[in-house]
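Engineer: As a plain string of letters, each chain reads:
Number of protein chains: 2
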Amino acid sequence: MKNAVGKEIPSEILGYGKVRPFTGAYTNIGGNHTRVTSNIKANSLKKGAAGEDKLINSIEEVIDKVGLKDGMTVSFHHHLRNGDYVTNLVMKEIAKKGLKNIHVAASGLFKCHEPLVDLIENQVVTNITLSTISPGPLAKAITNGKLKNPAVFMSHGGRPRAIESGELHIDVAFIAAPTCDAYGNMNGSFGKSACGVLSYAYADAQYADKVVAITDNLVPFPASPVEISQDKVDYVVQIEEIGDPNGISFGPTKVTTDPINLKIAATTARLLDEIGYIKDGMSLQTGAGGTSIAVADEVGKIMKSKNIIGSFGSGGITGYFVKMLNEGLFNGLFDTQCFDQVAIQSSGINPKHMAMSATQYANPNCKGCLVNQLDIMILGATEIDVDFNVNVVTGSDGSILSSSGGNNDTAAGAKIAIVVSNLLKGRLCVLRDVVTTVTTPGETVDVLVTDYGIAINPRRIDLIEKLKDSELPIVDIQELKAIGERFAGIPKPLQTTDKVVVVVEYRDGTVIDVVYQPK
Amino acid sequence: MKNAVGKEIPSEILGYGKVRPFTGAYTNIGGNHTRVTSNIKANSLKKGAAGEDKLINSIEEVIDKVGLKDGMTVSFHHHLRNGDYVTNLVMKEIAKKGLKNIHVAASGLFKCHEPLVDLIENQVVTNITLSTISPGPLAKAITNGKLKNPAVFMSHGGRPRAIESGELHIDVAFIAAPTCDAYGNMNGSFGKSACGVLSYAYADAQYADKVVAITDNLVPFPASPVEISQDKVDYVVQIEEIGDPNGISFGPTKVTTDPINLKIAATTARLLDEIGYIKDGMSLQTGAGGTSIAVADEVGKIMKSKNIIGSFGSGGITGYFVKMLNEGLFNGLFDTQCFDQVAIQSSGINPKHMAMSATQYANPNCKGCLVNQLDIMILGATEIDVDFNVNVVTGSDGSILSSSGGNNDTAAGAKIAIVVSNLLKGRLCVLRDVVTTVTTPGETVDVLVTDYGIAINPRRIDLIEKLKDSELPIVDIQELKAIGERFAGIPKPLQTTDKVVVVVEYRDGTVIDVVYQPK
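Those protein sequences? They're chains A and B, same order as listed. At position 290 of the first sequence (counting the first as 1) the number is 1240 in the working numbering, and the numbers step up by one without a gap. At position 193 of the second sequence (counting the first as 1) the number is 1143 in the working numbering, and the numbers step up by one without a gap.
With the rest of the complex left out, here is chain A (with noise of 0.2 Å):
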């Protein structure tokens, strides 16, 4: 059957089940859901006796006091991104006792996890869940079909409705604690391997029947501030490093220092200006790339040539945002995960710099999420379509290189959703017929920058009409494309298997489309 963005989707996918096909951006949100019930073993206690000791010797005792068994899932969040220990520590003990078909539900896996592939060869990881990913080993994986069942791809906000509605039921959650005391309150900001919030855990820790602490910073009682607190924690585990934190900042989280890229960066930020969105009271949020990051230092710049005070910054938040707080340019930040140390050190002593939940950060399915609250959101894309759709999981040549992360959440909240990017990369060009996998559909994103022109979402006309005077080097979407494929050629179409590796959902839990493993 074809979805509501095009693509072709099997009404059934091996390994996954049944599919709902993608319907429209907004068709599934908003109506009544229900928050699932979540399954507690009460630390008991006599008096005297302060319940059940906690504390557990080590990883491999753990997990037999928690009772994980072939075919559980167990989670893990994502904040110490490519310098996490924690899901390799625990999935080497899982596979030394034996246990096989495991499903993998990490908010997020990066290079550093390449030890999961012997485990997928192995059989004992036999299903990944994922809203983050980083193009290395395991990547390479699943883009090859190693894994048995397709991963899911869900978006920031799809993973903690799928945690709340029960679609996604988390057996055993081990959350990496930069401080933790023997019962089980812990914050992320402080500590040897701090990591700054810890907000992709809080469903995690909300909702598995079991959740494990694992910390190398065991404090006296009380640890403070607490971030997620003891009731919800079942075990703790002091282990030497749970981390390297210099593997949480990687690539670029600093202002880009390519001409080209400043030129586009400027170009959003006056395009901004220009449409009226750079006022007080507004909001803005970028990912961490460089010319994201200069999007933000142009508008920044604007705020402060015209004494605008805005709202909010959000999402993973770089040094650059927390400079832009300091300066009086919001009136707060609310951060899902520290993209630096700058970030880190914020987070942990400014109390306007906050951490947020998952659900209220971008669940579709709560009493309202930030991302409605957002007025420009900067986004970035492997691959654009003539129809707006955006792709940020594949590559043009069928292999996986991100998730989704908060891109189609950001994109339906945002007032205005701009995808920045050169429109060559390499050799290639972003801009495409059809993007190979649709990540963020068309509807929700509203405007292309590039170094060789601005495209507009046909259906913003109120964009349209309001620049309609500007000197801005506004074009058609098609021409842009027919510029790109004056340099780059037209791409040949990418030959596939009929295997499915990849599973992307969108924010409501729908199927926006599938990644089969490339010829």
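Intra- or inter-copy, both count: the list cannot distinguish identical chains.
Simulated pairs of lysine-lysine, DSS-like, Cα-Cα distance not exceeding 27 Å:
| # | residue 1 | residue 2 |
| --- | --- | --- |
| 1 | Lys1061 | Lys1047 |
| 2 | Lys1302 | Lys1273 |
| 3 | Lys1061 | Lys1204 |
| 4 | Lys991 | Lys1365 |
| 5 | Lys968 | Lys991 |
| 6 | Lys1302 | Lys1142 |
| 7 | Lys1142 | Lys1273 |
| 8 | Lys1416 | Lys1256 |
| 9 | Lys1365 | Lys957 |
If you are wondering where the hints come from, they were derived from the structure by calculation, not from laboratory data.
With chain A held as given, fit chain B onto it using these hints.
Structural biologist: Relative to chain A, chain B alone:
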């Protein structure tokens, strides 16, 4: 039937239902539990529109919006204590709508809630559930059987347990919010009506079908810090004044100046020192009564003289505990309600002064509540009996004076629970053969310190052993009662009707006692 504290309890009570009798302090603690589902109406959005506007013009209008109907349960929190305006304002509008048989599930009600008496008489309100009450017209009306169905008195930990287990389902929670933005992010520590932490409202915000924030300090988005977040809030109403913060502190929340009470406090501290409980890592909770705070003062002096650093102070927090925190006597404070302005201000700025949910505080069916970590608990009592059962609910004349609060939660958890009291109050002896109403079972109460001697629960052979050579005035509890009765005479049995006016639940939801209407 007789329950485990020897009280004769009906097996079924009209307007309450089937009774689960109290079977012992620890018999229902532990084991597996399920947090209930909760119902959400998602706040939907279309591109460029931030979902349904949450800001509603008036309380009257919001009552229509949330679909309040006859027989439903509405909830309130009590952090504004005797200065709260919100409960009365909401209930007045509910009455105006002609609604009947409303269940008021407030965490606490005070003298200021006198207007509820009329609503009880008109059967607008037919059920009340609470954990805190102060003497006044409402307590009198309940004593006199005006309420159609028996009031249910829960402990501070029993209330969130009942909410999470589904025993107490809240249709609409109305949350007085001293600072709030138009999308429902709120905190209690700032604003003209600041009341400090909003802890008792957290369970309501998480589990009520509808959540309404009522504020007199609507701030630009985002309110910071966020104590209860927007994803849990359906509507926001701005009104002139949510309360009078001067009503928060009443009664003694300072060290007593009465020499006899000071002597009781000093004796208590000396006892704690002799048994070795005043040591590094210790934790302490007291009520807000003058003698209790004097105990904290005396303990603090010993801590200072021995350079002892404790772990935490907890419970309702007074300025005295803030002072102890600031002097470095504790690593942290866990706060469920602020009892004075010093505590309120500290709650907003000191990261070591931490809000905790009522579940984290005292819910016996979570993964480990704070009372399990508590070393020393100083309890108040209106009566205590020779089996060490404590009454905090009724006077000896059967009239309602208070509710369970955290009394039986902390007694069950703390390594030592000490009742401090004058032996004689007015012309009555607090020591009885059997207390009028059992709130806290004697098996969890360890010591009674009075101005005429100290009685130790014979179950605590460890304490008796430790104190066998002490010069402290340790006497048998029967002897102490005899002393009291020499002054006060033997009390006449209380005459009651057979109408149950209050069902007193133990923290596990079993019925530990009932209050009959006095004759």
